[in-house]
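Chains as they are written, first to last, in this note's numbering: chain P, 4 to 312; chain V, 4 to 312; chain E, 4 to 312; chain S, 4 to 312.
Note that these hints are calculated values from the structure, not bench results.
Be aware that one or more of the hints could be misleading.
Which copy? The list can't say, so a pair holds if one copy fits it or any two copies do.
[Unchecked claim] Here are the computed lysine to aspartate or glutamate pairs in the EDC-like style, where the Cα-Cα straight-line distance is at most 20 Å:
(1) Lys302 x Asp245
(2) Lys36 x Glu147
(3) Lys36 x Glu24
(4) Lys302 x Glu140
(5) Lys63 x Asp23
(6) Lys118 x Glu173
(7) Lys42 x Asp21
(8) Lys169 x Glu190
4 protein chains.
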Amino acid sequence: MPMTGVLRPGHAVLRVLDLDESVDFYSRVMGMKETGRDKSGRVYFKCWDERDHNSFVIRKADTAGMDAFGFKVLNQATLYRLESDLKAYGVNTERIPAGEMLETGERVRFQLPTKHTIELYAEKTDVGNGMPYINPEAWHADAEKGIAPIRMDHCLIYGGDIDGNKKLFEDVFGFNLVERVLLEDGETALAYFMTCSTKAHDIAMVRHGEDNKLHHISFLVDSWEKVLRAADLMSMNRVSIDIGPTRHGITRGATIYFFDPSGNRLETFCGGYQTYPDCHPITWTWEDVGRSIFYHDRKLNPAFLSVVT
Amino acid sequence: MPMTGVLRPGHAVLRVLDLDESVDFYSRVMGMKETGRDKSGRVYFKCWDERDHNSFVIRKADTAGMDAFGFKVLNQATLYRLESDLKAYGVNTERIPAGEMLETGERVRFQLPTKHTIELYAEKTDVGNGMPYINPEAWHADAEKGIAPIRMDHCLIYGGDIDGNKKLFEDVFGFNLVERVLLEDGETALAYFMTCSTKAHDIAMVRHGEDNKLHHISFLVDSWEKVLRAADLMSMNRVSIDIGPTRHGITRGATIYFFDPSGNRLETFCGGYQTYPDCHPITWTWEDVGRSIFYHDRKLNPAFLSVVT
Amino acid sequence: MPMTGVLRPGHAVLRVLDLDESVDFYSRVMGMKETGRDKSGRVYFKCWDERDHNSFVIRKADTAGMDAFGFKVLNQATLYRLESDLKAYGVNTERIPAGEMLETGERVRFQLPTKHTIELYAEKTDVGNGMPYINPEAWHADAEKGIAPIRMDHCLIYGGDIDGNKKLFEDVFGFNLVERVLLEDGETALAYFMTCSTKAHDIAMVRHGEDNKLHHISFLVDSWEKVLRAADLMSMNRVSIDIGPTRHGITRGATIYFFDPSGNRLETFCGGYQTYPDCHPITWTWEDVGRSIFYHDRKLNPAFLSVVT
Amino acid sequence: MPMTGVLRPGHAVLRVLDLDESVDFYSRVMGMKETGRDKSGRVYFKCWDERDHNSFVIRKADTAGMDAFGFKVLNQATLYRLESDLKAYGVNTERIPAGEMLETGERVRFQLPTKHTIELYAEKTDVGNGMPYINPEAWHADAEKGIAPIRMDHCLIYGGDIDGNKKLFEDVFGFNLVERVLLEDGETALAYFMTCSTKAHDIAMVRHGEDNKLHHISFLVDSWEKVLRAADLMSMNRVSIDIGPTRHGITRGATIYFFDPSGNRLETFCGGYQTYPDCHPITWTWEDVGRSIFYHDRKLNPAFLSVVT
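Extracted from the complex, chain P is given alone in its bound form (with noise of 0.2 Å):
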């Protein structure tokens, strides 16, 4: 099969500091769609677009940041094999039932070298976007409910040892790298952006003295207009925005970055360069790393290297 082992990524869970303030912000300001809510208190969201039962969990909690991000498998044998490779591997892994998680099958938890708790799963309820398997129609009033994203798209993760991270997205998985970002000395990588699919990134990392940090969770719009109409309701509703509209050097997108009401990052974007296993990985030097990141400012701003939840 062409497409098989890890899917895509299939769930974000994060903290957040006011759980009333915050499911307001992701249902009526982000337009995501709650689907549920559990006897832990997690409050369970998907993005108009996506068929899976959900796609961002949050959790009331004195910090922010993130707890784990989710990774669909093709299936449960699969999930099985992925398993006994990183068992292989030497990872420690950790089976939680179904049903942990609402509508969500059996998970296998393990942590990345730079401490960031991965969770493979094969199973989550498909419940649909809201248009039928039956001559559907293009799109619908979800669209345009608040900034409405099509899905939770990918994260960028900081901590320390990120090339043990890309050495087991890579051994393990299967994932290619599609860019990266060097330091001063040429060899050092600041960042790795992989992937499991066509997509520019699935998932990246940036090189940070502090383990299991979360610095974004990115969420797909439709198109550079969207991108304007998601930072005009940005500040509709006094959102506070990092930096954008703009575009990344790196995959080419388009892009806001913004702060949830918890702090946590969160990136709206749109477009982006697809890319295949036989496509040859671009690097950027550090003379160039402002335009790496910010293509059109060619500098960072210093939020990018040090705020991080």
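Following the hints, put chains V, E and S in place on chain P, whose structure we already have.
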């Protein structure tokens, strides 16, 4: 590895009636880059953002139409495995030696049940997209030469046994069915849209009285505004437009159908959703067939079902 | 003062066959705001970004078509001056008292040589666009309710003596000719596109065997992406589309023609150039008439010249 | 006539430090067409879709800045009438003979209360936009050479007595106030945005300690996608970007501020609403001044109030 086997449509080989006129059309109007000519008279083109040496090849002939449609596979071992799988499936295969097409490795050729010639190959020289692999720009001048599609994207073929085609693509290559259109009886398929990736279609097929016919070769552009730009350039160059700009119900892509000087139908399109192997296929029934093809007009134009090369 | 006299198209009054169905269409599908109903049964609408109380009025009748097209003039003194100028030009005028239309001042009504009823008025209550005049936002939710045009923009009328119309608009009101289409003889005009501002047309007229006919009322949307959105919403609501999305050669605007439930043709469009009184008019000759109207199809569809209300 | 008096901004004359570098910048990067050079060393440019011979003129000098900003008036009689009106208003005027600027008629020059030099003229040779006045196309290749704005659109000037400026533009020329920004006292204006047409601004002015300063000359592009394209081209050419892409609260336009090689600030923008003489002006109070200028960042960048030439 997440993406294995067949990676993507790699090249289309078309017959044209007048080579000079066609070279002018594909280079100046379509804005593809001519990358070479071979001893047998074939002229090779690539789209600006493609990295492989060629994706579109024309040769002079007495009738228009498609000689072959090629898919790139992951590597040489995959090529031989798929050759073996084809044979095991009962399909005759033929090896074409490396170099028979410019900058292209060994090909494995076979016929679909609809008599279309399909080629698999693993190697095509990476000539780049005109930008370096170190510190590139977001795009360059070639992105605005003529219609300037990003890539050759997919084909739609016409023939009799599309059920046989579908079974072969599923069973041997692991393609997924993304959408299908049913005839009046509610059972027989008029059309299948299949993918080996997350694209809504890498190949599509429509049931037709005559085998080995081409409906169109499709090229991707960046945005709906680029679709308008393409339509403008077609008018400025008095290119024959079949229909559009408009939207498809199937895949949701926004599109123009038009003809090359020999009468081969081409498409420029943007957008459409992305799919994964776990996505439930979409079905269109006969009463909505018009809307499935042309979402705005909601009726087929007579040419759609009859004009093929 | 730079802008004096006639300011802009201010209201169109149309006849519809079924009032409830039409109110639903204009409010829910078109996304106009109903601003009132009067004792005579007329229903008043405005576009979201218009500030005056109404720009589009419908009444129930046995036949579709246009009762009157109104232009707003600078002030009451201008109204009386233009009334006097019309009389001096030999045109009969009629005063309609303030309040006969809701929130609308005194009107001066007269007939064009093509028998269309034109109304001038200076006063219509400013009800705002839903945003304050102090510290407003960039737009608000009404901008995404239905097709949500920005404004009623212009009309295209059909009738016999369009030369008489043109002369009147030029000599009495100082309109400028922006574009014209010539018939086969190279002399007789098929169509005139005229402006009282920098819009490429505030009113247009086509030569036709029958007087007092309406070709379409046109509504402005923000962008080509909003034109696509409009076409999508038309299909979702099974609105009858005449043609489009496409581009006009004349004015360069990008457009859709479609029909209200009574058969009145409407247009949503974006773009087109801006003109000034010192701009040389553009002429289209008969051999390019197709391209002048539908820039991509480069031929008239039969409906363009025949279907009017 | 509906449009009389002052028609539009017609030309800006700027000082640059290095002529060759500036010619390269304005022709290759900005994509304006050089239309001539005169004996005094001035170089003349026009935007692709402008029809008059020039709209932007540069000359070499030791300091950057603006020599003069010109408005085209309806005709020669209007020119002399406005000259007479200026004198009656107490303003000294100077006649510059026809031909002193290439292909430009007699000019009437005067100083604003803020000491900026304004010129009125009625004649500038129509050299066309590269397309015929008979059966033109929708656009041509020059529309994609460099940033390729459609037209020089307006200027923003800095100086002391902006109230005097406003009164002069209103009383002598009949300009309308479209938007204004108030200082902390809620009475004093920080800025006025004024129009002689339906554009949201033909000239704008900000209160500043030093007279005769230029904040920026603004150029119109077609769409938000063209704004992105402009920002991309700036980065490709290492042009210094001040801010953007972003949106203004005032006028709602979407924009980039950037600098020419001499440090003169330029703007490319799209969109914004259209206004009429009967439209109530919009007021921004001090607490929302950030949002009024930069709608997304909601704060002024320090350069906005301090960097002028």
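>> Need the list of violated hint numbers for this structure, in ascending order.
In response: none
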